[in-house]
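Peer 1: Quick note, the sequences are listed as chains A and B, same order.
First residue of the first sequence: 31, per my numbering; consecutive thereafter.
First residue of the second sequence: 167, per my numbering; consecutive thereafter.
Since the hints were made in silico from the structure, they are not lab data.
Cβ coordinates follow ideal geometry from the N, Cα and C atoms, glycine included.
A portion of the hints provided could be inaccurate.
Stated by the list, open to error - Using C-beta positions, here's what the derived DEER-type ranges look like: (1) B/Thr251 to A/Thr139: 19 to 27 angstroms; (2) A/Ala56 to B/Gln306: 37 to 45 angstroms; (3) B/Asp227 to A/Thr178: 31 to 39 angstroms; (4) B/Ser279 to A/Thr139: 28 to 36 angstroms.
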Amino acid sequence: MTATYEPISTQTLGTAVETVTFSSIASTYTDLVVIINSFASVASDMSMYFNADTGANYSRTTLWGNGSTAGSLRSSSANFIYITNYGSVRTDQGSSVHVVNIMNYANTTTYKTVLARANASVSGVDLTAGLWRSTSAITSITFDLDSTRTFQTGSTFTLYGIKAE
Amino acid sequence: MPSVIKNLAGGKSIAGLKAPRSRRGDSNQIVDYWFGGIAELGDFESIATTTVGAGGVAEIDFTSIPSTYKHLQVRALVRTNRASTRDSLYIYVNNDRTTTSYTTHNLNGDGASATSAGYGSGSGVGAQSGSLLGNSVASQTFSVFIMDILDYADTNKNTTIRMLGGWDSNGAGDVFLNTNAFLSTAAVDRIGFDPVNGTGLMEYSSFALYGIKG
Numbered sequence: 031m032t033a034t035y036e037p038i039s040t041q042t043l044g045t046a047v048e049t050v051t052f053s054s055i056a057s058t059y060t061d062l063v064v065i066i067n068s069f070a071s072v073a074s075d076m077s078m079y080f081n082a083d084t085g086a087n088y089s090r091t092t093l094w095g096n097g098s099t100a101g102s103l104r105s106s107s108a109n110f111i112y113i114t115n116y117g118s119v120r121t122d123q124g125s126s127v128h129v130v131n132i133m134n135y136a137n138t139t140t141y142k143t144v145l146a147r148a149n150a151s152v153s154g155v156d157l158t159a160g161l162w163r164s165t166s167a168i169t170s171i172t173f174d175l176d177s178t179r180t181f182q183t184g185s186t187f188t189l190y191g192i193k194a195e
Numbered sequence: 167m168p169s170v171i172k173n174l175a176g177g178k179s180i181a182g183l184k185a186p187r188s189r190r191g192d193s194n195q196i197v198d199y200w201f202g203g204i205a206e207l208g209d210f211e212s213i214a215t216t217t218v219g220a221g222g223v224a225e226i227d228f229t230s231i232p233s234t235y236k237h238l239q240v241r242a243l244v245r246t247n248r249a250s251t252r253d254s255l256y257i258y259v260n261n262d263r264t265t266t267s268y269t270t271h272n273l274n275g276d277g278a279s280a281t282s283a284g285y286g287s288g289s290g291v292g293a294q295s296g297s298l299l300g301n302s303v304a305s306q307t308f309s310v311f312i313m314d315i316l317d318y319a320d321t322n323k324n325t326t327i328r329m330l331g332g333w334d335s336n337g338a339g340d341v342f343l344n345t346n347a348f349l350s351t352a353a354v355d356r357i358g359f360d361p362v363n364g365t366g367l368m369e370y371s372s373f374a375l376y377g378i379k380g
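So that you can see chain B by itself, here it is in the shape it has in the complex (with noise of 0.2 angstroms):
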């Protein structure tokens, strides 16, 4: 049977496949938008970007966010220098960290089984990310993680955050689907990230901030 490869490089058309959107003068088709929403195409905007250098950092901040989005997404390569497989990382809203004002829950998959966890209110500084790499596999390799921060400037609802994340070390990992709560009606103007066990950020994590439009 035959395979099918599209060279995006020579724009040439190829016997039973349409020829790229962007050729064919659509330029603002609608997106099944992956977390299940719909977005315009336009409406995904980049704001902020942050990779550690040499050396690291202790922690990741984004601060002034606008509120001209109607919601967030932070998408990441996390290694933490805990000398340890595994770290994972708190989430600070607004720099509150206060311990009542976060609750996790929270769904892994290491390889062999799957597994539940759940945080309420007043178990930590800041809502919890699920498992990340710390810095004892290859140094090569990292974690990552989705989240988004759901009506992020709305003044009337709590805020809900949701994380996609994971990885894998060809031996090891972890997969984890999360959800957290910022117990606070406030508008959403900064985001940090700090590591819970380690003292910081290696070289090469990075961290991408979004705005999607609504």
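So that you can see chain A by itself, here it is in the shape it has in the complex (with noise of 0.2 angstroms):
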């Protein structure tokens, strides 16, 4: 048995940009995992799309929390998936964590599906499933904030891959 859970790139951000790109990610892993660090210039939601495809090719199914109510929202036909609603990116450096389990990412057959987790301390918690209808390797990830507004200097951003045997 092997190790099977690896760092494949890091991005802490020495400069605020509205978007963070990972590319030509090797299919050589079985899922991928993000874990995000960020904050952001104004607070934001958050969205991903893959390979550079922002058609209305996605969709997704949250489940939220915000401190005194739960509930569930839905959006189909989009053109990237959101995976925060009150687990938004903060302000605040340290305040909003995020892990994105990206599963089966270099299939072939199947649409590709995405497991998200979305913390911010001082606003509430998201579970989401996303959904990418295309049967495409994925290459590429890119996250995305609403509007113009930008990931700041030190966010973090770390990818890893898991490979099963």
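Hey, can you piece these two chains together into the complex? The hints should help.
Peer 2: This is the structure:
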């Protein structure tokens, strides 16, 4: 048995940016995990899309809790997957962490499903199942904020690969 | 404003960004493991994987699981053959199909509301997953889950399972958090998955079992 949970790449932002992309992702793993510890110029929801596809090929179902109420919502035929609702990216450093599992990302037979946990200590938590209706292998992942809001300097994005034997 | 694109093929440093950790000579970092614990890289190992072939299978069964890890994790793609949108799985520990051996609690979101349910001892022949996909939406669509079996080899306490899972089919979907108890202090050496309503699992369903060292 071999070690199978490996870091692929880490991005620690040296300047504020609107989007962060991991590209040329090798197909040698089974699942991908992205751990994001970020903060923003203005509190914002975070979205993601694959292979630079911004067509209406995404959907999601989200379960949320905001400290007093729990609920659920859905987006269909969207141009990206929103992975936050109350667990949005906050403006204060260290208060919002997001973990995104991208299952069987290199599979060319099935659509791609994402499980994302969003955690914002001042506003709430979310769990999202997201779908990209494509059988293409995922080779790039882009994270984005609403409008022209930016991820701030010092935000970290780490991509891991998990390989099944 | 600029965007940042990290090309993983080139290995070139980008102004303002650190090089990949693997290229900074630190090959044994601590990972903030997603479920809240801490795991040392290299302590997460693949044990076995099953991908369902043409024609499907009735159930998935991991047997003879070694006791050399602290925790287990199963990461799965699931689609049962039930001719309906939704199904779920029974999870059998040590092939125990006694109805009094399991309890389940669940929090589910269906895109409109959040609901919670509990199943006490005696309500099912196995621990139950949350909502997973049957065989009625587009054939390329699969549900997923990540399941942790904590302290599975400990013979001093019952075994707790937790699951994170869901699916979306562009118009419908469920997402869930689950916890299950296996009401036995026996070490876990076998885990099986069987549709609650369907009679089998569809082609391309896949179950990967991992061990996490303590």
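Peer 1: All the hints need checking, so say for each whether the structure fits it.
Peer 2: Cross-check of the supplied hints:
no.: 1; hint: B/Thr251 to A/Thr139: 19 to 27 angstroms; verdict: holds, 20 angstroms
no.: 2; hint: A/Ala56 to B/Gln306: 37 to 45 angstroms; verdict: violated, 23 angstroms
no.: 3; hint: B/Asp227 to A/Thr178: 31 to 39 angstroms; verdict: violated, 52 angstroms
no.: 4; hint: B/Ser279 to A/Thr139: 28 to 36 angstroms; verdict: holds, 33 angstroms
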